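Using the working numbering, you'd call the opening residue of the sequence shown number 56 and step up by one each time.
Just so you know, the hints here were simulated from the structure itself, not pulled from any lab data.
Worth double-checking, as some hints may not be accurate.
[Unchecked claim] As a list, the in silico DSS-like pairs of lysine-lysine whose alpha-carbon atoms are at most 25 angstroms apart:
#1 K560 - K772
#2 K381 - K158
#3 K783 - K772
#4 K806 - K783
#5 K806 - K764
#6 K764 - K738
#7 K335 - K271
#8 K551 - K783
#9 K834 - K800
#10 K772 - K562
#11 K562 - K551
#12 K560 - K783
#13 K772 - K806
Note that the structure is a prediction, hence the values are computed from the model and not measured.
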Amino acid sequence: MIEPAEKPTKKRSRWPEFLAFVLAGILIMFAAGSFGLRRLVTVFSPNDITGEVLPELEPADRIEAQPGVLRDYNVLIITTDTTRADHLGCYGNRGIETPVLDKLAREGILCSNAITPSPSTLPAHSSLMTGLYPYHHGARSNGTFHLVDDVTTLAERLQAAGYRTGAAVSAFVLDSRFGLDQGFDDYNDDLTRGMKYSPHMFRKRAAELTNEPVAKWLRENGSEPFFLWVHYFDPHAVYLPPEPFRSRYADDPYDGEIAYADSQIGALLAQLEDLGVRDKTLVVYTSDHGEGLGEHGEFTHSLLIYDGTLRVPLIFHAPSGLPQGKVLDRQTCLIDVAPTVLSLLGLDVPDEFDGLDLSRPAPPEPRPLLIETMASMVMHGWAPLVGIRRDDYKYILAPTPELYDLRQDPGEEENLHEAQADVTRGLSERLAGFLGEDPYLAARRAIDLKTLDLDREAMGHLAELGYVATVRDSEEMGPELRDPKEMIGHWETVQKAIAMRAEGKAKDAIAILEASLAEVPGDVFSRSVLAGAYRDLGELDRAQNHYELCTSYDENNPTFWLGIAGVHLARSEFNEADENIEKALDLEPENGQALILRGQIAHRRGNEEQAMALFQQALETDPGSSGAAANDQIGFLHLQAGRLEEAREAFEDALHIDAMDSGAHDGLANVLSLEGNVDQAIKELRLAMRFNPNQPRVLATLASLLSQKGEQDEAEKLCMQALEISPKYGAAHNNLGLIYRRMNKLELAEKEYRRAIELDPHFDAPHVNLAQLLLRAGKHEDALDEFRAALQANPQYPSAIALANVGAHHFNERRYGRALAFYRRALQRDPDHALVHRQIASIYALKQFDRPKFAAFHLRRSLELDPEQEDVEDIRRLLARAEQAAAQRPKPRGSDGSEDEGELVDEDLPADEEELLPAEARSGPSPPEEFRPDAVPVPEDRPAEVPATKPSGAADSRAAET
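Starting from the given sequences, assemble the full structure and let the hints guide the process.
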């Protein structure tokens, strides 16, 4: 919140006084730098993680069941994202409670050595649903790839067999645009009720929100054979489990997320029980990949292919028909799920699968599984990693190849690449046999294929996930590229910098990023984070330079062009901003952030109608990713125009989409404050700070409200905190000036107002506040200049205070028609301004205007608004005289017996004021019909006088003599 002026203590409408805050509250969207925040966690203690499965499980080498044993059974596949097998109770974690999954394991078949072919969400789930390796199904990495149309999914096969098919996913990375909706009658990827924890975070929805549409789908389809896939995203970083799991796992929030997911799996299975279909449902539980948790320097996943991110849980369970309490120790893979399910259902298992039917005996020789990650290449231009994993050995092809003896060295600490050259050679040849060509040529071909039928709209959304930054020219791919394991320290530096930005420590983020980029100048992902950090500090030139460097590496990423556009908009360079937005829209015609930026330009140019249309278009185009921000913009437009109910509705809609949206909490706080409910407004802002305590806008708004309540010390502290995060944030300087004014530190107040003006001359609030400060010092002409500057800064929604004071200047110079024009425009902005009503009445009482009934109307309204105002008895006497004079009028002037106040306004304004007072303002609303008087001359010797403008000695003088 940005206050333009001190407030009187009497209760009245105050929204125009908050006008300047609204302008500052309009978000300047810049997309680059919005990447996934990673919470760095400690590797868990060996005392908690034993690695031993439930001791009561009996070893088995296959699922001992005949094909068709579960014929006509329903199928439920449950995946929890980013779940290490060794962090479940049934896999040996003694520090967690996962009773639902533990029960499935005790009563089903647990695969103790299950592997994902890729430690990324889209490739892994695509393998799960197709039974194919990523190089066969085409989804090699998140976001820039999609599942190719010519593969047949498990859903398509079951759909053809007469099953109803449904899915519900919990993160944008599995949005239907990436191809996994193939074969599903219903694919629920609506994340509008999900959460986006900060401007640098991805969007997801909690498991309980995913369960809601799942329950509805089951009620509607549970009476027929069905295949249902439910995906939960909760264990993915950032780890913020809900209560009671947050408190219970305060030291291990990752485990807390897994425990929470386990409870929601229990709720899902209870739905099956309630519908009476649990006994006829095969349940398969697994994950797409694990989490590094610091092993080999990787805290999250996707860049390396060590077992911490490759090993996943895999459990098969059916109440009857399958053996119970078994453990398969042999190496299995996500690609085995589809053929195994088809076999158990008695359906055809085609030879085209890369995976195996686990109900058949295991191969006699160690099974080689193909493993890979393309994320290192897609995100950073580093070398891709591909390899072979068997029960005994793992081989990783990298610029520095790796070989590990998994039985003797399960932690993969000792590289045997040179010591066991024969094993290395054999696995290398097997890898070439898988890919059919040189592995680096295969990676190059994968990058070339990435553009096939790719919906570019995904690029902007995946930037939020932290998965998309740049893709280098495929000709550069080869062993000469940087080795990801040698770059993991750099990557964690970038992750640390992202966390610093979210904590409001942009300066610290810049320091470590500059040092890191000096060693890795071509990492455009890191450079875009650096550009965002400079933007946080208001260092616009440096931000622009780095965004432009990003476009030189990847000109096809709309995110970077929008970053440049945001910088231009911050400088009020509208044409340049629009040019860069156009480049982004050429790449992605329905980019919601681009539409919002374009709407902000329209707003800044004074075209509210066009701005509103663009914000609505962004909302309709992509409500999940742009809906909250678009509603914020709509809310602020309504707030500026004084439409409080409409503003409230828009902000509440934003919070419905994203309960942690700070802009919506901030806007709603303004609505509450303008309605006089300051305490509730403060509560709303403190709620926003619980989600992220380092938001300059929220801090500045909260400081303003606390200052109004007299809590100047805390208010000053909050403003200083906001300026520490963003030193060039004009609203915080303005509000700090108000705080110093209330502390009677007038020199400091003036300094802050002038700093706010220097940072943004188009920001009207500090002009108004500085003008009032100058009035107190008796510098009337200087004050008048500042009031006029305020009106020039915001001509569409001018400050009522500035209008009234310019009107007062004309009144004192006896230019009454001009004074009336400005006073009436002030009333349009603030109809409940008691003093302005008095001033207008004084003009109507003058001989040359001779409108006693108009004078009476405005005097009466002034008394209604402020019955305890100064000289109230004199005003009552003047009101009685004006009413008496009006009653003595012999006849009406107009043919219909009415008059219009607009006829009385002097149109002859100086040229330099035409811009300050739009033409429509000079023909403002007349009084209500019942107050339109008959024209009766007032006796010349008894004019209906009212006092002249009140001197501006007090801070609450909203119309001051100049």
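Here's how the hints hold up against the structure:
1. Restraint check for K560 and K772: satisfied, since their Cα atoms lie roughly 17 angstroms apart, inside the 25 angstroms limit.
2. Of the supplied pair hints, the one linking K381 and K158 holds, its CA atoms being roughly 12 angstroms apart against a limit of 25 angstroms.
3. With a C-alpha separation of about 17 angstroms, the suggested pairing of K783 with K772 holds against the 25 angstroms cut-off.
4. Taken as a hint, the K806 and K783 pair is honoured in the structure, with Cα atoms around 14 angstroms apart against an allowance of 25 angstroms.
5. Under the criterion of a C-alpha separation no larger than 25 angstroms, the hint pairing K806 with K764 is consistent with the structure, at around 23 angstroms.
6. A distance of roughly 14 angstroms separates the Cα atoms of K764 and K738; the hinted pair therefore holds under the 25 angstroms criterion.
7. Straight-line distance between C-alpha atoms of K335 and K271 comes to about 19 angstroms, which keeps the hinted pair within the 25 angstroms bound.
8. At roughly 24 angstroms between alpha-carbon atoms, K551 and K783 fall within 25 angstroms of each other, so this suggested pair holds.
9. Note on K834 and K800: the hinted pairing holds, with a Cα-Cα distance of about 18 angstroms set against a maximum of 25 angstroms.
10. At most 25 angstroms may separate the alpha-carbon atoms for a hinted pair to count; K772 and K562 meet this at roughly 19 angstroms.
11. For the given pair, K562 sits about 13 angstroms from K551 by alpha-carbon distance, which is consistent with the 25 angstroms threshold.
12. Between K560 and K783, the direct Cα distance comes to roughly 14 angstroms. Compliance with the 25 angstroms bound is thereby established for this hinted pair.
13. Annotation: proposed proximity of K772 to K806 holds, straight-line Cα distance about 17 angstroms (limit 25 angstroms).
The structure fails none of the hints (numbered hints given earlier).
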